[in-house]
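Asker: Kindly generate the complete structure, drawing on both the sequences and the hints.
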Amino acid sequence: GAVVSQHPSWVICKSGTSVKIECRSLDFQATTMFWYRQFPKQSLMLMATSNEGSKATYEQGVEKDKFLINHASLTLSTLTVTSAHPEDSSFYICSARPGTGVDEQYFGPGTRLTVT
Amino acid sequence: GENVEQHPSTLSVQEGDSAVIKCTYSDSASNYFPWYKQELGKGPQLIIDIRSNVGEKKDQRIAVTLNKTAKHFSLHITETQPEDSAVYFCAASMTGANSKLTFGKGITLSVRP
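Protein sequence lines, in the order shown, are assigned to chains A and B. Sequence positions in the first sequence follow this note's numbering and run 1 to 116. Sequence positions in the second sequence follow this note's numbering and run 1 to 113.
Keep in mind that the hints were calculated from the coordinates and are not lab data. Mixed in with the good hints, there may be bad ones.
Only pairs whose alpha carbons sit at most 27 Å apart, straight line, appear in this in silico DSSO-like list of lysine-lysine [to be verified]:
hint, chain 1, residue 1, chain 2, residue 2
1, A, Lys41, B, Lys105
2, A, Lys64, B, Lys100
3, A, Lys64, B, Lys58
4, B, Lys100, A, Lys66
5, A, Lys41, B, Lys37
6, A, Lys14, A, Lys66
7, A, Lys66, B, Lys42
8, B, Lys71, A, Lys41
9, B, Lys68, B, Lys42
10, B, Lys71, B, Lys100
11, A, Lys64, B, Lys105
12, B, Lys37, B, Lys58
13, B, Lys100, A, Lys20
14, B, Lys71, A, Lys14
15, A, Lys66, B, Lys71
16, B, Lys22, A, Lys41
17, B, Lys100, A, Lys55
18, A, Lys66, B, Lys22
19, A, Lys14, B, Lys37
20, B, Lys42, B, Lys105
21, B, Lys22, A, Lys20
Answerer: Written as structure tokens, this is what we have:
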């Protein structure tokens with residue numbers, strides 16, 4: 001149980017283009033989903049928290065117009081990196097919390113984004 | 001805000017030995033402490049967690065202990081195996097609908113066969 005998937009697992013895009021990453025909870029409904037980015041040999045950095053049907057809450061320093069998050073259903077959240085640049089190259093990981101009153105977060109397998 | 005520190009940054013043990021990883025946190029309001037294992041190129045996997053109303057929790061070869069007074073919690077792995085080699089992250093958070101995890105920097109555990 002508590003499986004989270006991400007698609008794609010890796011993507012290469014050209015500078016200036018936009019990329020959408022999907023995060024799905026496969027066997028539970030996720031009222032809250034989180035998006036993280038991770039640079040090589042570093043820890044996870046929280047980018048934003050999203051609740052189904054409402055606007056995402058972004059962490060300080062994260063550009064909301066650049067990283068668009070949509071949590072359209074209880075099983076799907078998307079992260080769109082707009083006008084990507086090489087410095088956006090990173091490992092993007094989502095996590096999902098199975099319901100309110102639950103502390104656990106289950107992570108997806110991550111998406112490797114390379115911007116050329 | 002919360003600050004989680006993890007020491008050491010690397011740990012190497014012989015297969016079959018025990019490994020102990022320690023984390024400290026700063027916010028006394030934190031009451032949920034999970035541990036994650038991350039293998040290369042993969043997402044973190046929740047391996048065990050503990051809440052502030054208990055001092056110890058065990059799951060087969062893995063155990064976690066919590067000292068709320070000292071604000072530290074530790075991961076104990078017994079009878080280590082090569083497949084235990086990975087990066088381990090500790091984290092802390094309060095409980096609540098939008099509570100956020102604060103992660104430590106991670107420790108690379110190497111189990112020598």
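Asker: Taking the numbered hints from earlier one at a time, note which ones the structure violates and give those numbers from smallest to largest.
Answerer: Violated hints: 3, 9, 14, 15, 18, 19, 21; rest satisfied.
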